[in-house]
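Residue 337 in my numbering sits at position 197 of the sequence shown, and the numbers go up by one each step.
If you're looking for bench data, these hints aren't it; they were derived computationally from the structure. One or more hints might be untrue.
Unchecked claim - The calculated DSS-like cross-link candidates involving lysine-lysine, where the alpha carbons are at most 27 Å apart (straight line), are:
| hint | residue 1 | residue 2 |
| --- | --- | --- |
| 1 | LYS347 | LYS172 |
| 2 | LYS286 | LYS266 |
| 3 | LYS352 | LYS315 |
| 4 | LYS227 | LYS215 |
| 5 | LYS346 | LYS336 |
| 6 | LYS200 | LYS238 |
| 7 | LYS186 | LYS352 |
| 8 | LYS387 | LYS220 |
| 9 | LYS200 | LYS172 |
| 10 | LYS186 | LYS220 |
| 11 | LYS286 | LYS256 |
What the hints assert, rightly or not - FRET-style restraints, in silico, Cβ to Cβ:
| hint | residue 1 | residue 2 | range |
| --- | --- | --- | --- |
| 12 | TYR281 | LYS336 | 42 to 50 Å |
| 13 | PHE187 | LYS346 | 16 to 24 Å |
| 14 | TYR169 | SER277 | 39 to 47 Å |
| 15 | THR178 | PHE225 | 21 to 29 Å |
For every residue, glycine included, the Cβ atom is placed at its ideal position computed from N, Cα and C.
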Amino acid sequence: MFKLLVSILILSQSVLVFAQDTLCKFPNYTFKVGENVTYRAYYNWKFIWLNAGDVFFSVKDTVYQNQESFHFVSKGWSLKEYDWFFKVRDSFESIVAKDGFKPFWFLRDTEEGGFKTYNRYDFNHKNNQVNIVSYTSKRAYREDIKSIKPCTFDVLSAIYFCRNIDFDRYNEGDKIPLTMVIDNDVFNLFIRYLGKEDLKLHKDTKKYSTIKFSVMLVEGTIFKGGEDMTIWVTDDGNRVPIMVEAKILIGSVKAIITGAEGLVNKSILN
Numbered sequence: 141m142f143k144l145l146v147s148i149l150i151l152s153q154s155v156l157v158f159a160q161d162t163l164c165k166f167p168n169y170t171f172k173v174g175e176n177v178t179y180r181a182y183y184n185w186k187f188i189w190l191n192a193g194d195v196f197f198s199v200k201d202t203v204y205q206n207q208e209s210f211h212f213v214s215k216g217w218s219l220k221e222y223d224w225f226f227k228v229r230d231s232f233e234s235i236v237a238k239d240g241f242k243p244f245w246f247l248r249d250t251e252e253g254g255f256k257t258y259n260r261y262d263f264n265h266k267n268n269q270v271n272i273v274s275y276t277s278k279r280a281y282r283e284d285i286k287s288i289k290p291c292t293f294d295v296l297s298a299i300y301f302c303r304n305i306d307f308d309r310y311n312e313g314d315k316i317p318l319t320m321v322i323d324n325d326v327f328n329l330f331i332r333y334l335g336k337e338d339l340k341l342h343k344d345t346k347k348y349s350t351i352k353f354s355v356m357l358v359e360g361t362i363f364k365g366g367e368d369m370t371i372w373v374t375d376d377g378n379r380v381p382i383m384v385e386a387k388i389l390i391g392s393v394k395a396i397i398t399g400a401e402g403l404v405n406k407s408i409l410n
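Input sequences plus hints: build the corresponding full structure.
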């Protein structure tokens, strides 16, 4: 349960990506270097809200392979009072070219309940391949090479790419295809645009104008396959995710924004 709660933003937002080649290049207007966003993860059933962990995202500046690049960093951890039961310490990083927004490199280094996972992706766009290095507590070190098509992303680059989607081009109910590298494989998935909604967050009397969509999840150790996750992003110039909800057998798990700084545009969060 705590693995699911703390990982919900890091492992789920990754599926928010267009697959069309023509949309790979875009004018970035929703984020800048210096942006920092934090979230609290909860278990929610009726009137019960249980704090579980925190997630942090940041945008940094770097140069990679002689190209000006974004360095995205995300970290998640369980609250200390739950470490004795299920300790979570997750770290994700991605380096992406500012010009063309192509991912160069991705790293996942996580420990969840004593189970360790390591993934490193090195993207070779010239050969349309991604070189993968991975190991876990139960699986020895191995190397793989997967074929990719243009507009294929990793977890973190996907999050920031999707924030520049022009949702005004779509009608409520439309499916938007996406291609994603997840857990050492390449998946063709989709998101479904659900329109706009005024959303009130937990312990907040204010309503926020949001864009809402569901996500086609990859079946695995955390989620069942299907559209059981819903995401709300601010309907402003920043498109910051402010709540993620995933249905489980009893109740739901939610990640709710707790802070945002360094935003590039005026925000409805202020």
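Structure-inconsistent hints, enumerated in ascending order: Violated: none.
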